[in-house]
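Student: In case you want the letters, here they are:
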Amino acid sequence: SQQGEEDPQALSIQEGENATMNCSYKTSINNLQWYRQNSGRGLVHLILIRSNEREKHSGRLRVTLDTSKKSSSLLITASRAADTASYFCAIPPTGGFKTIFGAGTRLFVKA
Amino acid sequence: DTEVTQTPKHLVMGMTNKKSLKCEQHMGHRAMYWYKQKAKKPPELMFVYSYEKLSINESVPSRFSPECPNSSLLNLHLHALQPEDSALYLCASSQSPLGTSGTNTGELFFGEGSRLTVL
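One line per chain: the protein sequences are V and E, in this order. If you're matching positions, the first sequence starts at 1 in this note's numbering and goes up one per residue. If you're matching positions, the second sequence starts at 112 in this note's numbering and goes up one per residue.
None of these hints come from the bench; they were simulated from the model. Any given hint might turn out to be false.
Lysine to aspartate or glutamate pairs mimicking DMTMM-like chemistry, simulated, CA-CA at most 20 Å apart [said to hold, decoys possible]:
id, chain 1, residue 1, chain 2, residue 2
1, V, Lys98, E, Glu195
2, V, Lys56, E, Glu178
3, V, Lys26, E, Glu155
4, E, Lys149, V, Glu53
5, E, Lys129, E, Glu178
6, E, Lys151, V, Asp66
7, E, Lys152, V, Glu17
Here the structure is a predicted model, which means the values were calculated and not measured.
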């Protein structure tokens, strides 16, 4: 499969809790990206981590990358109902045109 | 607000109709993409235009016909579609089609999508 793998497929938490989603991939990478998609809308770029970085923060987002295990995780701290969305990891091509998307994690944050 | 604009937002068509989806970006990006997305699935690449030339056709049926009139516009012409073609169609652009190198991160900028229903 060309897809990256994500887990969990779905996650339901209470507002204020942290949400962690994981992504595994098979190819070599220059960077790995995370996108968010609200229901029925387009994808929005959240954060990018380069292959020589291990951790990156942006507001309530924390991304880690372990290239030896070919895996990444996205942590959303102090979640809000507005964080309810699908989250996809994405590996852009090192050459060529085809970005590989993970299967996605559907996050539901209960108010 | 997205900088990639897609029209229409919703489209309902019969199997004998001809319709078009339109996409526009003014970021100076040289790669534009059409993706198809089914519910609870990731986007699935259909076509890539690089410097206004078709670079990838992911074995998409000929009832889908892409067109790139200029570097800012991308169309997807639809004809004789099937009910299973109902999906969210996403347009995206990226700075350069040359993979990730130098300052090019490969970040994709998506439009809000066109929800297509084929009756």
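Student: Hint by hint, say whether it matches the structure.
Tutor: Outcome of the hint check:
| no. | hint | in the structure |
| --- | --- | --- |
| 1 | Lys98/V x Glu195/E | violated (24 Å) |
| 2 | Lys56/V x Glu178/E | violated (39 Å) |
| 3 | Lys26/V x Glu155/E | holds (18 Å) |
| 4 | Lys149/E x Glu53/V | violated (33 Å) |
| 5 | Lys129/E x Glu178/E | holds (15 Å) |
| 6 | Lys151/E x Asp66/V | violated (27 Å) |
| 7 | Lys152/E x Glu17/V | violated (26 Å) |
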